[in-house]
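**Student:** The listed protein sequences correspond, in order, to chains A and B.
Residue numbers for the first sequence follow the working numbering, beginning at 1 and rising by one.
Residue numbers for the second sequence follow the working numbering, beginning at 1 and rising by one.
For the record, the hints were derived by calculation from the structure and aren't laboratory data.
There could be a bad hint or two in this list.
Claimed, not checked - Restricting the straight-line Cα-Cα distance to at most 30 Å, the calculated cross-link-like pairs of lysine-lysine (DSS-like) are:
(1) A/Lys141 <-> B/Lys200
(2) A/Lys307 <-> A/Lys213
(3) A/Lys172 <-> B/Lys202
(4) A/Lys132 <-> B/Lys114
(5) B/Lys202 <-> A/Lys138
(6) A/Lys132 <-> B/Lys202
(7) A/Lys226 <-> A/Lys252
(8) B/Lys202 <-> A/Lys141
(9) A/Lys213 <-> B/Lys257
Given next are the chains, with one letter for each unit.
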Amino acid sequence: MSVIETEGLTKRFGRLTAVDDLTFEVREGEVFGLLGPNGAGKTTTIRILACLVSPTEGSARVLGHDITGDSLRIREVVGILTENPSLYERLTAYENMDFFAEAYGLEDQQERRGRIRELLEFFDLWGRRDDKVATFSKGMKQKLAIARALVHRPPIVFLDEPTAGLDPESAKGIRDLIEGLSHHEKSTILLCTHRLEDAERLCDRLMIVNRGKRVIVGTIDDLRTKIGGQPVLQVVLKEPNRKVIETVRGLKRVREVRTDDPATTLTITVDEAESASPEIVRSIVYVEGMVLSVNILYPSLEEAYLKLVKESQG
Amino acid sequence: MRFNKALLVFRKDWREVSRNWEVILPLAIVPLIFSIVLPLIVIIPSGAAESGSYESLTRSLPSTVQNELAIMTPQQVMLYITLLYFFAPFFLIIPLMASSVIASDSFAGEKERKTIEALLATPISDSELFLGKILVSFVPSIIVTVTSFLVYSVLVDVLSFTIFNGRLLLPNMIWIMMILGLAPTVALAGIGLAVIISAKVKGFREAQQISAALIVPILILIFGQASGAIVLGPMMVAGLIGGFAIIDLIVFQIGVKLFRREEILSRLA
Numbered sequence: 001m002s003v004i005e006t007e008g009l010t011k012r013f014g015r016l017t018a019v020d021d022l023t024f025e026v027r028e029g030e031v032f033g034l035l036g037p038n039g040a041g042k043t044t045t046i047r048i049l050a051c052l053v054s055p056t057e058g059s060a061r062v063l064g065h066d067i068t069g070d071s072l073r074i075r076e077v078v079g080i081l082t083e084n085p086s087l088y089e090r091l092t093a094y095e096n097m098d099f100f101a102e103a104y105g106l107e108d109q110q111e112r113r114g115r116i117r118e119l120l121e122f123f124d125l126w127g128r129r130d131d132k133v134a135t136f137s138k139g140m141k142q143k144l145a146i147a148r149a150l151v152h153r154p155p156i157v158f159l160d161e162p163t164a165g166l167d168p169e170s171a172k173g174i175r176d177l178i179e180g181l182s183h184h185e186k187s188t189i190l191l192c193t194h195r196l197e198d199a200e201r202l203c204d205r206l207m208i209v210n211r212g213k214r215v216i217v218g219t220i221d222d223l224r225t226k227i228g229g230q231p232v233l234q235v236v237l238k239e240p241n242r243k244v245i246e247t248v249r250g251l252k253r254v255r256e257v258r259t260d261d262p263a264t265t266l267t268i269t270v271d272e273a274e275s276a277s278p279e280i281v282r283s284i285v286y287v288e289g290m291v292l293s294v295n296i297l298y299p300s301l302e303e304a305y306l307k308l309v310k311e312s313q314g
Numbered sequence: 001m002r003f004n005k006a007l008l009v010f011r012k013d014w015r016e017v018s019r020n021w022e023v024i025l026p027l028a029i030v031p032l033i034f035s036i037v038l039p040l041i042v043i044i045p046s047g048a049a050e051s052g053s054y055e056s057l058t059r060s061l062p063s064t065v066q067n068e069l070a071i072m073t074p075q076q077v078m079l080y081i082t083l084l085y086f087f088a089p090f091f092l093i094i095p096l097m098a099s100s101v102i103a104s105d106s107f108a109g110e111k112e113r114k115t116i117e118a119l120l121a122t123p124i125s126d127s128e129l130f131l132g133k134i135l136v137s138f139v140p141s142i143i144v145t146v147t148s149f150l151v152y153s154v155l156v157d158v159l160s161f162t163i164f165n166g167r168l169l170l171p172n173m174i175w176i177m178m179i180l181g182l183a184p185t186v187a188l189a190g191i192g193l194a195v196i197i198s199a200k201v202k203g204f205r206e207a208q209q210i211s212a213a214l215i216v217p218i219l220i221l222i223f224g225q226a227s228g229a230i231v232l233g234p235m236m237v238a239g240l241i242g243g244f245a246i247i248d249l250i251v252f253q254i255g256v257k258l259f260r261r262e263e264i265l266s267r268l269a
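So that you can see chain A by itself, here it is in the shape it has in the complex (with noise of 0.2 Å):
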């Protein structure tokens, strides 16, 4: 079932267009990548889904309820991490989770208190609860943040760059916690980002955007094969071999054999590499040719973004 689907969204500011004819659709339960270079329009697509900026053209829907028409509803039912963490710095940790708590209806004094707590314990700030939120490190007020954006049990989160200006470390630190919570929480997740390694490790499906428009939709296997290509197995040998190197180039089902100079490395492009491999190993072996280590390549999503991104700046 699908909680979010727009249909040909747009924004224009001035002659700017930044967010471009953007069609697609989050399953519930997923966690949904927006990941697109600095400027793709991923902020401003999350802006007008949370009813924050309203769309030029087109049209989104946010668990059934249209964003033009009931956007008191929908910002009832999301969680948004935003771009800064947009926190009090006077007021203590609590006290800004209570504030939001209480602004998006948790009314009952006793339920925000256990529930700030839960979270508080689970991003691991209980016991910071009192500290003003300006004694923070960079990364706890990312904690933080996350945690107030889950305060009202929002069944749709926004997550707009999580671990954007963090050490390594506290991203990492962040992207566990995001993990743990996909679960914890049961939440669909759309995650804005323009970290690689965010929507590899987080993302179900994600959609790669550039200059507002859509460039392609699909899980991550999907892009890496669709855009990648397919996995390459890549053969080392003790010493070149000629023979080895033809014999590989006649099997049937082997594409291409590319070598690196002495010839030691062999990378062969051939369908379905996984049930390739042992064959290709026998008639290695058979012409004498001494196997040091055999392995699937598969192709980085890293190459695969930066080609379609490049692809579509034209």
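Given chain A's structure and the hints, the job is docking chain B onto it.
**Tutor:** Only chain B this time, still in chain A's reference frame:
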């Protein structure tokens, strides 16, 4: 409109404001000047006063007051006119000055501190947000105004007690109408406009500079009263209360209508 949501915004903002000395200081200093310093510099050196300089204002006062003044000494006339009439409009400035920092900071400050987007993403409606932002400026400024008035009344009565042979000058009906009726309605209009400006501009300083112009009508009232062109009598004050109450409603409606989340986000610093 859910009033509890507006109160929620008010409580959150007040928590923030009360921890910021840059905001609290004007709240404390403005009333200190108007309620303590001004009466002291008027009453203490008033022995050699002449009532001649107040003739134009005296002539425009109601006949009952003129009769009262006729039997007073020059010192009594000078104090009576200055303390009860000349200073009265200054108490309309107190809520505007006291609230100017908070009102200018309301949306512009949130933009500068980059906290506005999460606030705008909440299911708090435009009118609830707007009212909450007005309340956080209005409530403290009115508390400050009423407190200043009480301090001013006590000080005036204590210092003028012997000069007026045991008569207490304050509070009187006009001052009560002014403090409890006119000051709040004037403050609401000024704060409403300041909050609208704050939502429209990019930063706090810009908001404060533009909002400073809101004091001009009150200055006209002060000079009008000093020259005798305007006298804040009961009818005049009642009329102004009614007029400003209507202006308050109009300002609120305009403020909500002009409130555009998208426009506010587009002006993020």
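**Student:** Does each hint fit the structure? Answer for all of them.
**Tutor:** We went through each hint and held it up to the structure:
no., hint, verdict
1, A/Lys141 <-> B/Lys200, "28 Å, holds"
2, A/Lys307 <-> A/Lys213, "16 Å, holds"
3, A/Lys172 <-> B/Lys202, "35 Å, violated"
4, A/Lys132 <-> B/Lys114, "17 Å, holds"
5, B/Lys202 <-> A/Lys138, "25 Å, holds"
6, A/Lys132 <-> B/Lys202, "26 Å, holds"
7, A/Lys226 <-> A/Lys252, "23 Å, holds"
8, B/Lys202 <-> A/Lys141, "24 Å, holds"
9, A/Lys213 <-> B/Lys257, "33 Å, violated"
Taken one by one, the earlier hints fail for this structure at numbers 3 and 9, listed in ascending order.
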